[in-house]
Amino acid sequence: MQKMPVWADVVLIPLISLILAAILSALVILGIGEDPIAAVKMMVSGSLGSTYGWGYTLYYATNFMFTGLAVAVAFHARMFNIGGEGQAMLGGLGVALVALYIPWPHWTLALIGCTFGAAILGAAWAYIPAVLQAKRGSHIVITTIMFNFIAAALLNYILVNILRPPSSMDPATAAFPASTHLPTLHELLLPLGIKFSKAAPANVTLIVALLAAVFVWVLIWRTKLGYAIRAFGHSESAAKYAGINPVKITVVSMLISGGLAGMMSINTTLGESERLILNSTEGAGFIGIAVALMGRSHPFGVVLASILFGFLYQGGAELALWTSIPRELIVVIQALVILFTGALDNMVRMPLEKIFLALRRKEG
Amino acid sequence: MFDIFNDLLTVFDSTLRLSTPLLLACLAGLFSERAGIFDIGLEGKMLAAAFFSAAVAYASGSVWLGLLAGIAASLVLSILHGLASITFRGNQLISGVAINFLAAGMTVLVAQSWFKQGGRTPSLIGGARFESVDLPFLEPLAGIPVFGPIYGELVSGHSILVYLALACVPLTWWVLYRTRFGLRLRAVGEAPEAVDTAGISVVALRYWAVIICGVLCGIAGAYMATALQAGFVKDMSAGRGYIALAALIFAKWRPWYALYSCLLFGFLQALALRPDMIERYFGFKVQVQLLDALPYILTVIILAGFVGKAIPPRAGGEPYVKER
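As given, the protein sequences belong to chains V and L, one line each in that order.
Residue numbering for the first sequence follows this note's numbering, starting at 1 and increasing by one per position.
Residue numbering for the second sequence follows this note's numbering, starting at 1001 and increasing by one per position.
These are computed hints drawn from the structure, not numbers from a lab.
Using N, Cα and C, we set each Cβ at its ideal position, and we do this for glycine too.
Among the hints, erroneous ones may be present.
[To be verified] A few chain V residues that face chain L, going by a derived Cβ cut-off under 10 Å, partial list only:
no.: 1; residue: P36
no.: 2; residue: A38
no.: 3; residue: V141
no.: 4; residue: S273
no.: 5; residue: W322
no.: 6; residue: V331
no.: 7; residue: V332
[Unchecked claim] Looking from chain L toward chain V, a few residues come up when the C-beta cut is under 10 Å (computed):
no.: 8; residue: F1005
no.: 9; residue: L1009
no.: 10; residue: L1083
no.: 11; residue: N1100
no.: 12; residue: V1108
no.: 13; residue: A1191
no.: 14; residue: G1239
no.: 15; residue: D1292
no.: 16; residue: L1294
no.: 17; residue: V1300
Isolated chain V (complex conformation) (with noise of 0.2 Å):
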């Protein structure tokens, strides 16, 4: 028997959740001996307010809909990638040298040619963890855990022995070619008539995000793989006795878990600094859990959870610009939205299914 409307379930506990975030998080301002709600206006007008702070949103956001994805598909399959800061280092590199090595003679075919780099190198740098989680039980968790502190070392060292141009103190590559410059938002939407800020770094990667999630929409409830990842993530002995194969599963959903991270950085690297930096990641890989435990692990509640952190990532950039709080307000927030919609959601959900037990008994 269900203990709660499906509705409750999907809407009413994340929402309760995120208020009790927002409420701690107001207190934290209060904390430090600021407004809270002068903080949440010019959050809101910075981010909000004007297309260039819609610009910077979206471009955030973008980044948060691949890792979130790829945290979502792993956790349909019971699994928790927390590699996709390191898968999206990786996708980063792989980015870097199609852009860099082949010759591309316009941004479309850039585009797919990049989304494939970032794709493998971001699935292989998860294929390692998912054949040890698969044939050595070894923990998912500790080894993509460290799997991102290897691939921080290993960018490091080919950023500053291998892809540095000679000439550049910058551990960096070389500026990408010009032909593979992704059009950005106001490049897209001039021809349509509507302004976009000129400044702001939201590019056409925003809609292969959201293809993405189409994707995983489609590959996790209409076809059989999709179905197999959730029978494998709900009970693995009986997706076992019903012929499915773990080791194949597991595998094969952290390939996908790993590509959609290492896609992330077609946004940051191809689309906005058009070379591959240093920490060109900034923890978005982490925000993924955030958005995924927020999203439901639902395609759609990703892109929702996604634009909610582009706006919270912005917001706190603009007033860590204006004001005395620092950057790292979002840091709290961040945790805080992990906190109560992933590790204490049975703190709203027990007394939650309580009531609503109540009520029927009412009723009946």
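With chain V's structure known, arrange chain L on it following the hints.
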């Protein structure tokens, strides 16, 4: 010949210093995970303890008050982890991730609000820091060749917390393997239902484990900010909590092996600080990045089961539900 000896002494000396926070955090994780509570929030607890110990030590001028504040900060996060993973039976890994971010954000936020120095505390001086302790008989032993310098340079002259951390190793072993509490603690990580059947509270035992973990992480954090360095800087734990986690797996959740693996990982960190030394003695250059990544690579190899199998406590990560 003499140069090598001196160089080795300096490297081992800094190995000991760098291993200490790893060892304390590793033993903290050992208590928690042996009781069946996975803890990837070691990093966050150390960071919170580092900040609050430095802040209170600066404000009060007393490093001991700082140490207490650090332990208290770490305990708050520990209880939060206990609440999420024991009382509300939430996902322990997700809770750990949340705690790490909470500490990373809050420390900078509060540091900026209190000290306005870009997320750091002012430098600690005098009684606000742990001074190095000189062991007895330094003078008479100094004349003895080889042993004298080893005693004087390597064994003596560390902060009291270094010796405390080393003493925690046999203590942990004794508590785990020679006391009733330790037996029950290990049992609750392997078969909580058996402990429950025997009429012992699983919840209470696990809370105790989490509290011990908090205290040890608190000392580790305080050591970083008030002994290893003179003050708190943003993100100063720099992945040590994760290295401690790696060391714990490397040690296969056993106290003495935890000491050895923390010394090994501390040695790698000490070498990474002195790349010139490797080049001088071995004639080839070792990439610093490789040394940085080596603890993690070694852990993955161990996890892969190529060098013996690392089997975590059986009930680890599973919330205990009484009525099935």
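List in ascending order the numbers of the hints, as given earlier, that are violated by the structure. Violated hints (numbers, rising): 1, 2, 4, 5, 8, 9 and 13; every other hint is consistent with the structure.
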